[in-house]
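As they're listed, the protein sequences go chains A and B. Mapped onto the numbering used here, the consecutive letters of the first sequence carry residue numbers 10 to 672. Mapped onto the numbering used here, the consecutive letters of the second sequence carry residue numbers 10 to 672.
Among the hints, a few may not be true.
One side only, chain B facing chain A, incomplete, derived with CB under 10 angstroms [claimed, not checked]:
| id | residue |
| --- | --- |
| 1 | Glu260 |
| 2 | Thr347 |
| 3 | Phe358 |
| 4 | Pro376 |
| 5 | Gln377 |
Coverage of chain B stretches by chain A, computed from C-beta distances (three or more under 8 angstroms per stretch; other residues unrestricted) [as the list claims (entries may be wrong)]:
| id | region |
| --- | --- |
| 6 | 306 to 317 |
| 7 | 586 to 600 |
| 8 | 613 to 625 |
Calculated cross-link-like contacts (lysine to aspartate or glutamate; reagent style DMTMM-like; alpha-carbon spacing at most 20 angstroms) [to be verified]:
| id | chain 1 | residue 1 | chain 2 | residue 2 |
| --- | --- | --- | --- | --- |
| 9 | B | Lys349 | A | Asp331 |
| 10 | B | Lys338 | A | Glu352 |
| 11 | B | Lys130 | A | Asp331 |
| 12 | A | Lys601 | B | Glu607 |
| 13 | B | Lys338 | A | Glu344 |
| 14 | A | Lys339 | B | Glu607 |
| 15 | B | Lys339 | A | Glu467 |
| 16 | A | Lys338 | B | Glu607 |
| 17 | A | Lys105 | B | Asp598 |
| 18 | A | Lys343 | B | Glu607 |
| 19 | B | Lys601 | A | Glu607 |
| 20 | A | Lys335 | B | Glu345 |
Read the hints as simulated data drawn from the structure, not as lab findings. Idealized CB from N, CA, C, for every residue including glycine.
Protein chains: 2
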Amino acid sequence: MIKKYVFGTPFDTEAMVAQIPAESDAVPYFCTDTSDGLRFTLELESSDAIYGLGESVRGINKRGYLYKGFCSDDPNQTETTNSLYGAHNFMVIEQKERIFGVFFDCPSLISFDVAFTYFDKLIVSTENKNINVYIIDGSSAYEIIREFRNAIGMSYIPPMWAFGYTQSRWSYADRDSVRRVVKGHRDLNIPLDAVYLDIDYMERFKDFTVDSKAFGDLEEFANEMKEQNIRLVPIIDAGVKIEDGYDVYEEGVENGYFCTDKDGKPFEACVWPGMTHFPDFLNPDARLWFGKKYKILTDMGIEGFWNDMNEPAIFYSQNSVDNAHKLVKKYADKEELTLKEFEELKGYFGSRQNCDEDYSGFYHNTPQGRYCHKDLHNLYGYNMTRSAAEGLAATEPHKRFLLFSRASYIGMHRYSGIWTGDNHSWWSHILAELRVLPGLNMCGFLYVGADLGGFGCECTRDLLLRWLSLGIFTPLMRNHAACGTRNQECYQFENPQDFKHIIDLRYRLIPYIYSEYMKAALNGDMMFKPLAFEYPEDETARHTEDQLLLGNEVMIAPVYTQNALGRYVYLPEDMTAVRMKEGNLSFEDMKKGHHFVEIPENEVVFFIRAGKAIPLCKSAESTTELNKESLELIGSGNEYTLYADDGISKDYTNPENYRKLTK
Amino acid sequence: MIKKYVFGTPFDTEAMVAQIPAESDAVPYFCTDTSDGLRFTLELESSDAIYGLGESVRGINKRGYLYKGFCSDDPNQTETTNSLYGAHNFMVIEQKERIFGVFFDCPSLISFDVAFTYFDKLIVSTENKNINVYIIDGSSAYEIIREFRNAIGMSYIPPMWAFGYTQSRWSYADRDSVRRVVKGHRDLNIPLDAVYLDIDYMERFKDFTVDSKAFGDLEEFANEMKEQNIRLVPIIDAGVKIEDGYDVYEEGVENGYFCTDKDGKPFEACVWPGMTHFPDFLNPDARLWFGKKYKILTDMGIEGFWNDMNEPAIFYSQNSVDNAHKLVKKYADKEELTLKEFEELKGYFGSRQNCDEDYSGFYHNTPQGRYCHKDLHNLYGYNMTRSAAEGLAATEPHKRFLLFSRASYIGMHRYSGIWTGDNHSWWSHILAELRVLPGLNMCGFLYVGADLGGFGCECTRDLLLRWLSLGIFTPLMRNHAACGTRNQECYQFENPQDFKHIIDLRYRLIPYIYSEYMKAALNGDMMFKPLAFEYPEDETARHTEDQLLLGNEVMIAPVYTQNALGRYVYLPEDMTAVRMKEGNLSFEDMKKGHHFVEIPENEVVFFIRAGKAIPLCKSAESTTELNKESLELIGSGNEYTLYADDGISKDYTNPENYRKLTK
């Protein structure tokens with residue numbers, strides 16, 4: 010049962026697809042204070058748990074910290090990062106006497122003080138007095154989440170090839186670099202389905218252009234790659250370069266499609282291309298215009314995109330540059346610079362990136378009126394990606410494209426997936442990825458994955474092996490690294506056959522992973538589940554935050570510490586351990602309870618629940634070559650209902666897509 | 010057997026106290042390359058382990074990353090931080106065919122590529138061609154470490170009161186603030202022995218001055234505190250404020266006691282007081298002069314100090330300010346600032362802190378000649394703290410003072426302890442503290458501890474409870490937090506009796522902790538030992554990196570994850586689990602093997618080894634009030650040999666200090 014409570018006159022974020030009438034009484038369970046912004050307080054007992062908040066740091070149970078719903082470009086994702094790239098304001102709150110869900114549909118900054126200031130209080134607060142709050146009652150976490158997911162609409166479904174292993178780097182500079190990456194994998198028979206093109210494939214970072222010196226005729230090159238069953242996936246950034254003669258820029262200015270400053274002039278901000286304008290994705294005309302530009306690249310044979318820098322990230326605005334110039338002028342004539350003046354200058358330059366002042370300095374023209382960006386901040390990346398999805402659908406309505414975004418808000422899950430942004434080559438970020446998966450699934454984001462091996466910092470062989478051992482289970486499986494970091498393609502390390510064996514296992518699991526993905530998407534279920542949701546009566550399971558259930562049959566428990574012999578695993582029921590060693594599988598029946606499982610870094614262990622079975626195929630070098638028909642069932646059960654389709658069209662509801670497999 | 014290998018003409022760091030003749034043959038085990046700086050390469054097998062490197066990030070086994078020996082003021086201690094505040098270049102290398110120790114006595118930057126670039130190589134490299142390398146052969150890690158410790162001299166021994174619980178904050182602003190802290194503890198009977206005074210106790214951050222407006226007559230106030238069994242522990246920073254009329258500044262200039270720039274003028278750098286000069290602690294006259302200044306404060310009844318900012322930290326030099334002014338002048342007259350110019354300015358201001366250019370820009374006048382700071386960088390904090398220790402000893406030769414430092418190098422362990430610098434309120438920093446302890450002990454640093462609750466970021470109640478549950482075992486037990494962060498004194502949180510019970514347990518353990526500390530110091534042993542050293546044949550113990558042995562009887566295994574029910578503990582032999590719950594102890598005999606141990610956040614569990622016993626006293630509000638005579642033995646053993654002395658004089662070797670306790 011989902012109920013809607015309206016405060017003020019909220020902006021319609023279109024997070025919801027369901028039409029829900031507004032209640033006239035007060036929000037239940039919470040104590041509501043409207044005197045200064047909005048403030049919702051819930052009393053907690055020590056055994057209460059709070060799940061959700063999508064892309065956020067810390068544990069599966071969010072207790073004990075302060076989170077902020079505000080799409081943030083901050084690559085330093087530590088325990089004390091309050092906000093990440095997405096703003097996902099949905100929680101399931103499990104209390105002694107009840108369990109319920111709550112969604113704060115707030116397009117601007119919102120704070121979640123989850124037993125942080127007071128150990129027995131959840132305090133949700135926002136300056137914005139115009140928001141919708143939804144309360145979902147139900148008898149279990151799963152039931153509440155299914156109801157919420159139905160209300161927000163079906164999750165994005167990518168093409169099947171997007172479940173293959175993919176390789177990225179900022180940036181493969183030219184065709185030959187990409188060819189070397191493909192050859193590096195193919196020579197060692199390491200499966201690979203796609204190579205990403207980061208910003209340098211463009212001509213001076215201009216969206217929908219291609220640097221022809223480096224990439225020649227992209228259509229030709231895309232075809233060359235496709236002959237090797239490799240897709241090219243280019244990046245699209247939010248900012249449109251200000252450059253005379255650049256059609257996207259000129260059309261945008263001419264038609265008023267860019268965000269404007271307080272005087273109504275296009276707002277100028279510096280990102281990778283230098284000074285840019287931001288398309289006003291909250292203006293439906295601008296959204297459609299930009300979305301249709303993707304056709305420039307799909308016409309060249311491109312079938313997938315990643316949308317980046319769409320929080321939007323701002324290095325600095327023209328306003329900042331002008332103010333810096335004023336400061337500089339002010340101090341130039343002094344005989345010497347005092348310490349205070351030096352510090353003022355240093356402070357000014359150091360505080361410009363993604364600053365409040367800039368987010369308050371531009372505006373959107375929406376059908377609901379002109380709004381300051383700050384008040385709709387969380388909707389920007391969402392609507393950029395909606396723009397792409399709608400543009401692509403307008404071009405080819407029956408075809409699935411790969412699409413994922415960095416910034417996001419609930420609602421965007423209908424249009425694309427997300428990657429979890431600029432992480433680091435940190436062991437702690439393996440665990441962080443595992444822990445974020447259920448929260449993302451709760452909020453509708455099913456096509457998800459982290460930069461395997463880590464984006465920033467230096468990756469080591471053992472880190473990549475261990476991270477891939479989690480990554481083989483996530484729908485988006487991409488190895489990505491930042492400019493200036495060590496090369497981290499699998500073949501760059503010693504004994505690359507260890508990587509091949511792990512990625513081969515992924516390909517053997519693709520029929521299962523795809524099937525469970527589709528079931529989760531079509532039924533509004535989670536693909537990755539906390540043990541707490543499946544075994545709510547089991548106190549140990551409720552507190553296990555480094556293992557997950559994958560679909561209805563599998564439990565994963567990857568190693569996330571360096572130089573480890575293995576790890577402790579808690580089995581909440583009897584299970585079959587599946588061990589991959591040098592490409593071969595072996596099986597061991599294990600009893601419910603605590604176990605220490607030895608897992609060398611070149612082996613993978615996962616678990617199949619009692620009485621369940623999962624399908625495996627043979628591996629291949631790409632999803633295209635995968636024989637998904639010849640399946641073997643493993644596990645102690647005797648049957649599995651497989652979802653399978655052609656992987657590219659949108660005929661999801663055909664009953665023939667389901668097939669019962671038996672041993 | 011310790012052997013010395015000399016490259017070039019090394020600066021005598023005085024890390025060693027033993028006179029060791031130079032060998033004439035090549036360094037064994039390593040392949041040495043002297044063509045470009047120095048480069049020592051050791052082939053590794055996958056089972057080889059590398060221990061040591063003192064204050065450094067990551068695990069107890071250092072395999073898999075790149076560490077740098079270079080004292081660094083970088084408060085963001087993450088997994089990929091290459092260098093911390095101390096430079097401790099000693100390792101024990103355990104290979105299949107041998108175990109040996111190696112100490113690279115290098116006062117400048119040195120890199121340890123521990124199976125990072127190549128998974129089967131340890132590569133140690135330095136630009137400096139003038140260093141001593143020591144190789145220590147032996148039959149066990151303990152034997153090698155004892156030999157090394159004997160060669161570097163006995164570790165610092167603090168007064169007994171320094172084993173009490175202590176409270177700090179940047180900064181308690183005045184007498185009343187300190188009084189409130191003491192009252193906060195005393196009112197709730199939470200034991201407390203000292204309160205630290207951070208930089209604001211000084212008059213405009215000038216060393217050896219007191220802001221009399223805020224602190225009145227410090228002698229009077231120190232006495233008032235001492236009546237409550239509280240010691241005040243002021244900070245001393247490395248930089249001496251440039252201010253006419255300030256005697257320390259004027260004496261330093263007059264006598265040439267400050268580091269000089271290339272032209273021989275005192276080098277100017279900005280730190281907390283604004284522009285300062287750095288005392289040239291490598292000049293023995295300057296060292297003695299500065300060290301004797303501590304008497305100004307000991308004459309007021311002060312008995313302990315912490316030396317800070319002595320890497321030395323540099324916010325920016327006068328040179329940077331001048332260059333910034335030139336840049337500003339250069340751009341002021343332009344019609345507008347281009348993006349490139351904005352970025353140049355931003356880049357300049359953002360890269361000044363602790364920059365290479367500054368460390369290359371000043372000089373030391375040492376008895377061994379004039380040296381550029383960069384070439385002796387790692388010795389600066391070491392010699393500042395040696396200055397303090399020698400100054401204090403000159404004043405009161407028979408009395409122990411509390412003294413610890415932020416920057417350090419092996420050799421400094423003879424003069425003081427260290428705290429592990431500016432950490433964060435991160436759960437991962439609990440584990441980081443546990444893991445760094447054995448490495449510090451190996452290098453002679455026994456009086457050690459981290460800022461409990463975390464220095465930067467916001468502490469939560471549960472984080473502090475869990476951190477204290479480790480902190481009760483470390484010699485230095487200090488709760489410290491940065492300016493601007495949430496108050497984190499125990500009494501600031503709900504249910505403060507939970508904190509009291511945990512700190513009471515510390516006080517009950519003080520006779521044991523002190524006894525084990527003294528044995529480790531007097532015998533050249535480690536107080537905190539990896540399980541790998543004690544159970545080298547046990548593969549699981551060798552890979553256990555989140556438990557430690559404390560002294561000869563105890564094993565600790567604190568909880569370091571949020572919202573945890575407890576944790577897994579590996580017992581490498583039968584042990585007695587001791588559980589503290591609401592101030593009461595209970596005991597459980599546990600068998601060798603893997604266990605999941607439930608540990609609520611207000612309880613503490615530790616382990617006593619089979620056949621061993623440890624003494625406990627009753628708790629008290631301070632060490633002064635502790636009845637250390639009335640001891641009870643707990644554990645399955647029947648006797649314990651206690652070391653006890655008067656806790657303040659230096660008569661360590663008196664045989665009467667040892668007492669056999671029996672049940």
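We went through each hint and held it up to the structure:
1. Glu260: violated (24 angstroms)
2. Thr347: holds (8 angstroms)
3. Phe358: This interface hint holds because 4 angstroms falls under the 10 angstroms limit.
4. Pro376: The hint is violated - B:Pro376 has no Cβ within 10 angstroms of chain A, the shortest such distance being about 35 angstroms.
5. Gln377: Violated, about 35 angstroms.
6. 306 to 317: Coverage by chain A is violated here, the residue count being 0 at a Cβ distance below 8 angstroms.
7. 586 to 600: violated (count 0)
8. 613 to 625: violated (count 0)
9. B:Lys349 x A:Asp331: Holds, at roughly 13 angstroms.
10. B:Lys338 x A:Glu352: holds (16 angstroms)
11. B:Lys130 x A:Asp331: violated (52 angstroms)
12. A:Lys601 x B:Glu607: holds (18 angstroms)
13. B:Lys338 x A:Glu344: holds (11 angstroms)
14. A:Lys339 x B:Glu607: violated (63 angstroms)
15. B:Lys339 x A:Glu467: violated (37 angstroms)
16. A:Lys338 x B:Glu607: violated (64 angstroms)
17. A:Lys105 x B:Asp598: Cα-Cα ~34 angstroms, so violated.
18. A:Lys343 x B:Glu607: Answer violated: A:Lys343 to B:Glu607 is near 66 angstroms, above 20 angstroms.
19. B:Lys601 x A:Glu607: holds (18 angstroms)
20. A:Lys335 x B:Glu345: holds (10 angstroms)
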